[in-house]
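Trainee: Quick mapping for you: the protein sequence lines, in order, are chains A and B.
Under the numbering used here, residues 1 to 189 are what the first sequence spells out, in order.
Under the numbering used here, residues 1 to 189 are what the second sequence spells out, in order.
These are calculated hints, taken from the structure and not from any lab test.
It cannot be assumed that every hint is accurate.
Remember, identical chains collapse to one label, so a pair may be satisfied in a single copy or spanning two.
[What the hints assert, rightly or not] When the alpha-carbon atoms are kept at most 25 Å apart in a straight line, the in silico DSS-like pairs for lysine-lysine are as follows: (1) K38 to K117; (2) K61 to K91; (3) K176 to K66; (4) K66 to K160.
Here the structure is a predicted model, which is why all the values come from computation and not from measurement.
Number of protein chains: 2
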Amino acid sequence: MNYPNKINKEYHKNINYANRGMDLEAIINDTNEYLLEKDIALIYKKPTPIGVVKVNYENNKQIIEKAYFASQSTLDYNGLYRGKYIEFDAKNTESKTSFPLNNVHLHQIKHIRNVIKHNGIVFLIIRINNLIFLLNGPDFIEYIDTHDRKSIPFNFIKEKGYELEYNYTKGLNYLKYVDLIGGFENEKN
Amino acid sequence: MNYPNKINKEYHKNINYANRGMDLEAIINDTNEYLLEKDIALIYKKPTPIGVVKVNYENNKQIIEKAYFASQSTLDYNGLYRGKYIEFDAKNTESKTSFPLNNVHLHQIKHIRNVIKHNGIVFLIIRINNLIFLLNGPDFIEYIDTHDRKSIPFNFIKEKGYELEYNYTKGLNYLKYVDLIGGFENEKN
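Working from the sequences, and respecting the hints, build out all of it.
Mentor: Below, the structure is given as structure tokens:
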């Protein structure tokens, strides 16, 4: 069977189990490996930026001896799909009723606006209530611009977002909805 | 004057001086800041990936106490320009007669092929002989596929590449040639 081998076997039992127990980031990374392997899309997670404080040399190799994690000013994942630029981030929330907006940094919100303006495809993958949704960038921005709340209600995400499905062979089916929001003609993957 | 303030004043004297003395990566980073500020393109350098060996906590913050630099499997820069995916890397060579191919890792060559296949714009920015060229991905790959040499002769780069100019206000004019290789209609930037 041809599933990405880093998906923990525990995830394979069924979709509900996967949605409950999995690490969203690991699932997305494995999905992207599958998409790369099958030559469907080139999506990579950006490395976490670090601030290096101290470097030393061991056997002519640089060893970082002090550093800290910095925050990404863009979203974590970006790449190329059917000639188009796509970028997204994966967000978990424990809350069952809403997605707290402090999950998304201000510079990331600014960046989402920029990607939209430059005709890229940008979205969030949000896990809430044991379900996973793709929320398109313009819908996310529209909510922020028209509401004063510090969180997005689950109902808004359910209404505007696309519920994703997890399959142990193909991973998370997010490209199905990228086809839709990207204005691609329908084609089977 | 509106130049990106991280470009060292030393670079400002004239183009030749810049080409000789500058740090290519710094010039590209400053160019990209300028492009972002002027809302022309969204191009970011990916953080250098690191392998974290040891992490500790200080005042509830994670401090990396041992780590090493890993190599990027993609190219260093990618982003969005006029709706299109673009990706590139910056390479210096001390040699005056050729660009040694060991400057580009095998997984990066594979990645360049992938980006071409998926209709992205991909290229190298090469500094050689105190000149800076943009070498389009397909030309780079064509050379590799049709020659056994371990380096690309300067003459090939001069013939197939586009010589870039540095301007202390606008940085390096690489997007001029992206317009060309990307099949965009002519438009002033």
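Trainee: With reference to the structure, classify each hint as holding or not holding.
Mentor: Evaluated hints:
no.: 1; hint: K38 to K117; result: between (31 Å within a copy, 13 Å between copies)
no.: 2; hint: K61 to K91; result: between (36 Å within a copy, 21 Å between copies)
no.: 3; hint: K176 to K66; result: neither (42 Å within a copy, 41 Å between copies)
no.: 4; hint: K66 to K160; result: neither (44 Å within a copy, 44 Å between copies)
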